[in-house]
Structure formats: structure tokens, C-alpha cells
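Trainee: Place chain C on chain F using the hints.
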Amino acid sequence: MGKSRTRLLSRAPLIAAGALFAPATAHANAPMNYLQSFGPKAHEIANLTWALLILSILVVAIISALVVVGAMRRRVLPPDREVRLEPISRGSGSGVLWIYIGVGLSTLALLGAMVWTGYTMAVIQRPPRAPKLTVEIIGHQWWWQVRYLSGDSSRVFDTANEIHIPVGEPVQFKVRTEDVIHSFWVPPLGDKIDLIPSQTNVTWLEVGEPGTYRGQCAEFCGQQHAHMALLAVADKPDDFQRWWDDQLKPAVSAPQAALGETLFTVRCGACHTVRGTRAGGRLGPDLTHVMSRQTIAAATLPNKIAYLSGWISDPQRIKPGNLMPTLDISGPELEQIRGFLAGLK
Amino acid sequence: MSSIAYERSAALETAGYDSPATSKLEQLWKTKPGLFGWLGTVDHKQLGKRYLITAFCFLIAGGIEALVMRLQLARPNQHLLTPEQYNELFSMHGITMIFLYAQPVLSGFSVFLFPLFLGTRDLAFPRLNSFSYYVYLFAGLFLYASFLVGAVPNDGWFNYPPNALKLYNPGPNIDFYALGMILLGISTTVGAANFLVTWLRLRAPGMSINRLPILTWSTTTTSVGILFSVPAVSLAFLMLWLDRQFGTHFFDPAGRGQPLLWQHLFWMFAHPWVYIVVLPAMGFVSEALPIFCRRPLVGYTVVVLATVATMVMGFGVWLHHMFATGLPFLALSFFSGASMVIVIPSAVAVFAWVATIWTGRPVVTTALLFFAGFIAMFVIGGVSGFMTAAVPSDRQMTDTYFVVAHIHYVLIGINLFPVMGALYVWFPKMTGRLLDERIGRWNFWLVFIGLNVAFLPMHWTGLAGMPRRIYTYPDGLGWNTVNMLTTIGAFILAIGVLVLLINIAVSRARGALAGPNPWDGPTLEWTTPSPPPSYNFAVIPAVASQNPLWEGRLQEGLGHSSVGRGLVLDQGKEVLATTPLDAEPDAILKMPQDSLAPLVVAIALTGLFAGLLVAWWWLAGLCAVVTLASLVVWLWPEPALGQIAVAAND
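The listed protein sequences correspond, in order, to chains F and C. Using the numbering used here, the first residue of the first sequence is number 186, and each one after it goes up by one. Using the numbering used here, the first residue of the second sequence is number 5, and each one after it goes up by one.
With the rest of the complex left out, here is chain F:
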């Protein structure tokens, strides 16, 4: 054991370096780290951020060294304070040259940073080619409504808290909010954009490789701001088309879930929609294909049947203050509703 610990210790710097620089490890360790980019837009931003970061660290190191060396070089320690040091006249090394040289060099570095910033701004301003897909993101306290837009109105549908996008294609996002200000942000894919009442903001993202990327609301939006996350799932184009086709289908509930469907419609249907049933509420997330999603409650809990039961029976315990009321649902009722939801693949 001691041996393995030594080995681990000796490898610690390597692990640390790996955590910082190897994309796969870093992403696994800190999935919302935006210095690791997974798309062309995020890549440009990460390059700029790295450059600014390195420049900044250099500046801090240089100035700190100057301060420490300067203070140590001709220092007088307080015990000598009794020996009154006479003030030095400006004539003995006026020092203004320091300001000229220091400010001159700083200005050069600033100009470089400005040029790089301007270049990056121009590059990420628009997607490299016109996006074929537009997704509308609508913010709610405290979840994300996601609407897939299409010229063909029969292909438009709503989902929530989980966005699927095709790999290698720029996707346009139109973002707006139904209540307060939120901010749509998937760090490994690119920058954030605020959802502001009475305006629609537009941004774009592109993913380079398939995977699941975590995003989170970045603008304080009230009590459950902490639990307003989302997942962006990047699929291969074929998988993406298949996913979209599946999402368009109305819910098919098994005959044995008929009682569950009725109970769901009565108890939950005022707020939630399940297409193909009479549940058509619009206050909460669309649940037509809820079991196809990886998480529930805005990426707060894994979408496992036990968590789902806990959430339905007492949402206020998991997300205090959220807008889903704790209904008095009996054990057998819960079992029926759960059975119905489990069929919504």
C-alpha cells in the first residue's frame, strides 16, 4: 500500500498536468470547464482565453517579483527604526523611467490582446455556414423549454431540459424567456447568451464530437437558480434525425397503464403535456417522451424510476421553492402514474 501511494505521489504532477491539458481527462474531471473546447466556436474562445490567461500570469509573476525583490534589496527592518533614515531626494534616481518603460510594454501587450480579441469576436460573430437547424430555447423558473423549429409545421415539437444537436453542423439558437432573466450556457460548446424578457436573442453553437455536455443557467433567476441545468447531447447526423422522428410521435401508452394515464391527466395534466393524451397543460415541461431523457427536474436528478417517484411525491424537498406543488398523491396512485410515465419512451 505504501508503495502504491509513493507511486501515486510520484505521478501526481503528471496527473495534475493531465487534468489540465488532456481534453478527455479534464472533461471527465470538470465537465463544465471552458478551457476545454468541443466545437469550433468554443475552440476560438478557449484559445483567446488561454492567451490572456498566460499573459496575465506572466504580468502577475513579473510585478510580484519586482515588488518582492525591490522591498528586500535595500530593506531596513523595524528594529533599526530608531536610526532615522533621512528621506532621499528625487535627484538620486528619479525613477520616472520605470513608468515610461513599464507602461510602454503594458500598452504593447494590451494592443496585442485587443487585436486577438477583435479577431475572435469577428470569427465567432456568425457561424461559418448558414445553420440548417434552429432551436428555440424558452426560459422558465426553473427549467428550459426547448422547441425544434422547422419550415414544415408538422415537424415542430417541444421538449425540455435536454437538447439534441447533430455533430459537425452549426445550430442556431433563438432564446427568450417567459418570466425573469436567465442565461443559456453550455460551457464546452461556447459562450453564454442571456434570455431577456421582451427580446429574442440569437446565438449559435457547433459541436465537434458526439457526447453529452452539461450546461447551466448563468444568470441569477430566483430561489432555484442553482438547479436549472440542462444537457446538450451531440448525436451523429443519422442518430439525430432518428431521435427527431421519434420525438414527433405521440405517446403510446400500454393498455395496462390506462388507469395511470387517467390519473396523470387529472392530477398532472393541468401543467404538463403528453401528446396523444388529454393532458395538455403548458406550465411545466412537456413529458411526451420523458423516459428518453437522461435527467429530470432540469438536470437535477438522474432519470431513474426511484428518483422520479421521489420527485413526484415531494418536489419541494428536492427543489425548495420550485413551482411544482407537492400534491397529496397516495402510494397506489403514485405507482399507477409512475407506470404510465415509464411507458413514455
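These aren't lab readings, by the way, just hints derived from the structure by calculation. What you are looking at is a predicted structure, and each value in this text was computed from that prediction instead of being measured. Backbone N, C-alpha and C fix where the C-beta goes; we use that ideal spot for every residue, glycine too.
Listed next, the stretches of chain F that the computed footprint assigns to chain C, with coverage defined by at least 3 CB atoms under 8 angstroms from CB atoms of chain C: (1) 215 to 229; (2) 287 to 297; (3) 302 to 314; (4) 358 to 371; (5) 398 to 411.
Rough simulated footprint, nothing fancy, chain C against chain F, three-plus residues with beta-carbon under 8 angstroms: (6) 252 to 261; (7) 383 to 389.
Mentor: Here is chain C on its own, set in the frame of chain F:
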């Protein structure tokens, strides 16, 4: 009456602090004993100390709020606080530190030091000074009264509508904040006007603008900044209150109001405010670092110009708080550029300090440690700010912990460090006793280590994508270790602050006696005894250089300052007014006696705001009448102030 009646030739006299003339001055200037004197004093030294004590109380309150939050965030998925409690704490922490500590503490130093620096006997408007203090105190208590009724402001210090509107926030929480801020704005505004007029007109003869102590330049510059920025936020909070109370639609999207308008008004104020709470602190360093480097500041003129330039440019960068709100490309480019250019004046100051250290003989006192540490912290806070000026990077970093780390390096590094250093320098002037240097070392190193353990790793927390203002976070996102470190660092920092308080308590009672000039400083305040007598200067000094007490030894300049010989001005409470640029003697001003009027106006004004808060219009109306009536009493012309001409007949 003819103007002749006002003519008077005052003779130059030589007088020390032990001369008989001073007992008359003491009679004229000293605060009356008893409760009346305690409440009605207009002595800038007493008011300055009260400002400092009050600001430190709020620092402690805000610090406790921070520690509770750090316990909640030490590990993932904790339930120490409810989301509502957390939101209240982070809001009040920000409000307290930014509005009730960071600016008032600087005002406190300036209220105490301004007349001493400038060689005069009080601020230009002593009663306004008392009023300003009371309104600050009451506004702070007003905001904290929200704890008593359990309706604490809970939408952050930025307070964005529509979340701050009645629909989403029905309780009185935001009303406390809105009205408290308007009230506090009155205090800040009159305080700024007082500094500005004092700086322009109450300087010792000969103290032309190129000979002013540099701290007075910073404070005056920010006073002008206050006069231009506070109206924006007072207006914004008034509009917000109207939206909430009377259903107007300034910010309410349901009535076609513009939530973004709030962000513009707020940041038009709040970005300059960041400079307002750091520039005077940078002034402490520019003023006192040279004392401990045993040489005048390198580049006085360029540092002054850089200070003014920072304040002016500080009004042109507010949009960098809004890079993610969907603004047009051109606006983004302009404000990105402006936010980078503002680094240049800061670089001027940094290299001036570095050059002062390199070309001086640093005496390593606790104060010097704080000032040297400050330079490094200033640069860290500066470069992280510079990173957020780059629009693409900012749109990743904004609203993450990277910005939290940045603002704490700014507020702790550039405000608290110089404030602590300044305490070590001027506490002896305030109390007559030196702060203990040995405890001082502990104080410095605990604060320095605490700050860096707490906030250096926090940059990584932000780069790892942790958003701000979340009351808890899930496991597995790489945020655990850094959050634990931050919590540990926060407690080390808190212990460091505690050590300072212990040092103050111990040294106040048993510290070494300071004498008039313990650090052999060059400016006028070091000619007075410690603590200074109520009248500050036995005679009004005359100044012939930037460093009157060093000029003989530096062998610079042509004339000689005169500190023992000057105008006595003892026919009543009198100070000398001088001309704004060259500080030539201009007039003798009569100063007011202690007065309860400022306190009464402040109480009535606070009552007015309390009435507005609870919508008891009769109370608001009554208090408005009392406010006006007591203002009339306050401003009633007095013979002793030369405001009624008959006085000249005597």
C-alpha cells in the same frame, strides 16, 4: 451695510501648541461635554472615527454573512441554508461590503484626514458632515432592519428586474433595498460635495494644486465621480420602487417596460462605483508608501493624471457587465476596447509604486507589508479584470466564480489591504498610540494567506464552469476541492481581521506613545500632536512644497513652508479660505457650532423613508414636513456665522 465691515487684516503670529493663544482656540473649537456634544458634534476628527468604526461594524457583519455562505458551499449538496436564506445572505453580503463598508471606510479616513492634510480646522460644511454620517448610519440600519422583519433583500446587489419586481418578489425585501439605497445616496452625495468644496477652498495658503497630498486628489476625484454616478442609481431605485408600489412600467415587460434599462442605469453607476471604492485606497498607498520608502512618490504628476483619467474612463466601460445581453457588435467592440484601455492608467500607478520601492529604502513595517502586498493583489485583480474585457472570453467567464475571484481581489486587495495599511499609519494620529507591530505581522500574514488561499483557487472554480449565486452544487463537476479551499481560506482571512481588531483593542489601551510624527512623514498632519487638538493647527500653516516636513532635507524647491508661524484666526470658529488653483488667501470663514439640527433632519428623513416603505403615507408626509422645518432651523442665518449683516456693527 458696507462691505468694509467685513474687512479685517489678520496678523501673522508664531504660536506653538503650548502657547496661551491655544487655550482660546480650544475653548472655541472643542465639542461641548455631555449628550448634546456627543450627538451634535461637528468635529471632523470625531465624525471620521465614527465613520471608521461604523464601517468596520458593517465589515464584520458582511464577513459573518460570507462565512455562513462558505460553510454552505464547503461541500456539494449541503442543506445548512435554504435557498431563500442563501439568496438573502449573498445579497446582503454584497450590499454591505460594497455600499456600507468599502466606500464609507474611505470616507472615514478622508473625513478625519482632509483638514489635517490641507492645513485647516474642519471640512467646509461641518454640520453637513455630521448629517452625512448620521444618514449613512441610519441607511445602514434601515437596510439591516430587514432582518428583523424577515424580509431581507434577496435578488443580489445587482437586483435585476423582472426578478426584483412585485410579481416575482412580492414581499418588502426589495423595497428595503430600493429605499435604503436612495437614503444612502443622499449621505454619499452630500459627503462628496463637502470633500470637493473643502479641497477647492480650504487649503493652507501656498498649497497649490501641484503641492496637494495625493490622497486628497484621489478622494476629490472620486467625489466628482460620486456626484455624477449616484444620481443614476438613485433614479433607478426610485423607478423600481414606483414599479413595485404604484404599478408603473419602467422595467416591467408586461407593460412594455425595459428590464435592460435597469442594467444600463445600474452599471452606469456601479462601474464607476468600483473605482470610487478603490481610487482613494490607492491614494493611501501613493501617500504612505513613500513615507516607508523614505523618498517622495515617483511620478506625482502622472499618478494624479492617471487617477483622474481612470475616473473619467470609468464612466465609459459599464457595458462590459452586459456583454451577454445580446448587444450589437459595434457597442461590444467599443466597450471592449475602452475596458482594455483603462488598464493603462492603472499600469502608471503600479510602476510608480514599484519605482518608489526600487529607488527608496523600504522600512519593513506592517504598513509597508500591506502596501507591498496590495501591489501584487492589485495586479491579480487587474489582470483578471482585463481578461473579462475581451468579449468572447467574458461571455464564458461572466457570472462564473472567475468574476467572484476578480471582485474579491479588487475589494480585498485594493480596498481592505490599503485600509489596513492606512490604519497602521494613521491610527497613531487618531489615538496617540502606535498599533503593535508584532501583532501586526500576524495580522498581515493571516490576511494575505487567507485571501490567496480563498480566492486564488477560485479563479479555477470559475474556469471549471461554476456559476455564481447558486446555493448548492452537485458532486462530480470538479468544484469540490476548490470550494473547500475557499472556505478554509475565508476562515483564515476572518481570523486575520480578528487579529487586527485585537491589535486595535490592545494598542488603544497600552500601545507605545506615538508623538506627533512617529513615521517621520512629510505632510502637514504630522506637525500636529497625536491625537490633534480640536482646532487642529495652532496657526494656519503656509506651504511651499509637496513635502513640507521633508523639504529642508530633500533640498528641493525654493521657498520654505511655515508651520509654526501663520494666521491664528481666533475671533470665533474661523478657517481660512484660499483660491482654488494657487491657494492664495481669500477670505476668513466663520464655522458653525455643534448642532443637533443634522441629527434631527437625518431622523426625520429616515422616518420619511420608513413611511414610504410601509406605505403609511401620513407618516411619510409628517416626516417630510419635519425634515423641511428642521432644515429651515438649520439654515436660519446666524450672526456668529456672519450671515446677518448687523453683526458687523459691533
